[in-house]
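> Here are the chains, one letter per residue:
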Amino acid sequence: MSSIDADLVIWLNGLSGNVKVFDDLMRLVASDYLMPLAFSLAMFGLWFSGKNPAERVRYQITMLIAISALSLSNVVVWLINISWDRPRPFVEHGDELNLLFYSPTDPSFPANPVAVGFAAAAAAWSINHKFGWWMFAAASLFGLSRLYAGVFYPTDIVGGAVVGIAVFIFTSYLRRFLEPLITSFVRLIRGLSAA
Amino acid sequence: MSTDFETVRDVFASHYFLFAFLASLGTLQIAVANSGTRGLWLTPRRLVTRWLGVALILTGIAIFFLQPLWIEGPWAGGSVEADSISREWGQARWGELAAARNVNDIHGGLDGTKQAIWFPLAAILAFVVSAMIGALNIRILNRGELDRSETRSSLNADGLAGLEKHSYFATLPVSLRKFRADIGGVWRAGLRTADRWSLFKIIFDRSSN
Numbered sequence: 014m015s016s017i018d019a020d021l022v023i024w025l026n027g028l029s030g031n032v033k034v035f036d037d038l039m040r041l042v043a044s045d046y047l048m049p050l051a052f053s054l055a056m057f058g059l060w061f062s063g064k065n066p067a068e069r070v071r072y073q074i075t076m077l078i079a080i081s082a083l084s085l086s087n088v089v090v091w092l093i094n095i096s097w098d099r100p101r102p103f104v105e106h107g108d109e110l111n112l113l114f115y116s117p118t119d120p121s122f123p124a125n126p127v128a129v130g131f132a133a134a135a136a137a138w139s140i141n142h143k144f145g146w147w148m149f150a151a152a153s154l155f156g157l158s159r160l161y162a163g164v165f166y167p168t169d170i171v172g173g174a175v176v177g178i179a180v181f182i183f184t185s186y187l188r189r190f191l192e193p194l195i196t197s198f199v200r201l202i203r204g205l206s207a208a
Numbered sequence: 021m022s023t024d025f026e027t028v029r030d031v032f033a034s035h036y037f038l039f040a041f042l043a044s045l046g047t048l049q050i051a052v053a054n055s056g057t058r059g060l061w062l063t064p065r066r067l068v069t070r071w072l073g074v075a076l077i078l079t080g081i082a083i084f085f086l087q088p089l090w091i092e093g094p095w096a097g098g099s100v101e102a103d104s105i106s107r108e109w110g111q112a113r114w115g116e117l118a119a120a121r122n123v124n125d126i127h128g129g130l131d132g133t134k135q136a137i138w139f140p141l142a143a144i145l146a147f148v149v150s151a152m153i154g155a156l157n158i159r160i161l162n163r164g165e166l167d168r169s170e171t172r173s174s175l176n177a178d179g180l181a182g183l184e185k186h187s188y189f190a191t192l193p194v195s196l197r198k199f200r201a202d203i204g205g206v207w208r209a210g211l212r213t214a215d216r217w218s219l220f221k222i223i224f225d226r227s228s229n
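So the sequences go chain by chain: A and B. Take 14 as the starting number for the first sequence in this note's numbering and just add one per residue. Take 21 as the starting number for the second sequence in this note's numbering and just add one per residue.
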């Protein structure tokens, strides 16, 4: 399994260095700022997107759950990181990889940015399937760009996606323990004319 | 010039804030144009507001990722290939622009926590700017377009529903008044319908017993 993992990242990263424009595009997508901001903007936009008050409340409660899921997925990734310090691909196969990104110092498994992206995508999907699929595509592209850049193994990306989706489902389930606090919080924001 | 990490972080934070603000403002404009929340529109026309939103997002992205071309930072001198610590201070060249922003957070880039602080601030500022310009829009530019009888009948709407026909400043007192009147009922109705494992249901049921 580990060998297939390494072979895949070496093969995919081996495609780099041929077309500079494509490499540059992947560098931009892999950036710490572009896709994470896109996920945040998607949630921000959904907050204001409902066409009637009932739809808005549903969107807004889901966005609050999503924000909690993003925070919680970071905690889950950190917990996995402290129990398994998997080295990054460029550490184990540095001579076979053309690193297109800076050298992260945290463990490889699971991919933290992918977990965050998939948690946001799962939230969007739960209220709007069509938009959610676009978000899943964006989160997958983000993972693929990091794979292409040589900073994650494929199993890190899959692990990150599983963590993100699972944490969102778990956080949605947790909501039942916190009601009516969440609905009342949305009502408070509506009292400030922002919901 | 210094490559001190705190200096690098300050540079990133200010650039990121501008990026997040413009992109948030753009996203907000697209969302409120689609939902008809006129009180937050930056222009009097739905279509123009929507396209302005797209333009603002693209401007934010362009400014953030092009800035290394004219603003000095830790991205100069051809040392941007996968190493964020050995970069020289200066301006980036076109060829190395895509990698210029790829700086590790331990070398001055913004980590997730810092982004989680700066983004909400930028989003709140985008909302405030939209509310202020939207109020001007409704008061000055849009006066003729809104049906007065329809406007009067919706005077009671609160929250974003109120912003469909009124400015933020006209809607806020209505929203606050309704919030004060409703919140007790919302809380009690929520407690009645909440799952039996709800922490608040458990606490309040126990205290009432």
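To be clear, the hints were calculated from the coordinates, so they are not data collected in a lab. Accuracy of the hints is not assured; some may be wrong.
What the hints assert, rightly or not - Partner residues are not named here, just some residues of chain A that face chain B (Cβ under 10 angstroms, in silico): (1) Ala19; (2) Asn31; (3) Pro120.
What the hints assert, rightly or not - Partial pick of chain B residues on the chain A-facing surface, computed with a CB cut under 8 angstroms: (4) Ala40; (5) Leu78; (6) Thr79; (7) Ala82; (8) Phe84; (9) Ala118; (10) Arg121; (11) Ala143; (12) Leu145; (13) Tyr188; (14) Leu192; (15) Ser195; (16) Ala214; (17) Ser218.
Computed from a prediction, not measured in an experiment: that's the story for all the values here. For each residue, glycine too, the CB sits at the ideal point set by N, CA and C.
> Now, for every hint given, state plainly whether the structure supports it.
Hints, verified against the model:
{"no.": "1", "hint": "Ala19", "verdict": "violated (18 angstroms)"}
{"no.": "2", "hint": "Asn31", "verdict": "violated (15 angstroms)"}
{"no.": "3", "hint": "Pro120", "verdict": "violated (14 angstroms)"}
{"no.": "4", "hint": "Ala40", "verdict": "holds (6 angstroms)"}
{"no.": "5", "hint": "Leu78", "verdict": "violated (12 angstroms)"}
{"no.": "6", "hint": "Thr79", "verdict": "violated (14 angstroms)"}
{"no.": "7", "hint": "Ala82", "verdict": "violated (12 angstroms)"}
{"no.": "8", "hint": "Phe84", "verdict": "holds (7 angstroms)"}
{"no.": "9", "hint": "Ala118", "verdict": "holds (4 angstroms)"}
{"no.": "10", "hint": "Arg121", "verdict": "holds (5 angstroms)"}
{"no.": "11", "hint": "Ala143", "verdict": "holds (5 angstroms)"}
{"no.": "12", "hint": "Leu145", "verdict": "violated (12 angstroms)"}
{"no.": "13", "hint": "Tyr188", "verdict": "holds (6 angstroms)"}
{"no.": "14", "hint": "Leu192", "verdict": "holds (5 angstroms)"}
{"no.": "15", "hint": "Ser195", "verdict": "holds (4 angstroms)"}
{"no.": "16", "hint": "Ala214", "verdict": "holds (4 angstroms)"}
{"no.": "17", "hint": "Ser218", "verdict": "holds (5 angstroms)"}
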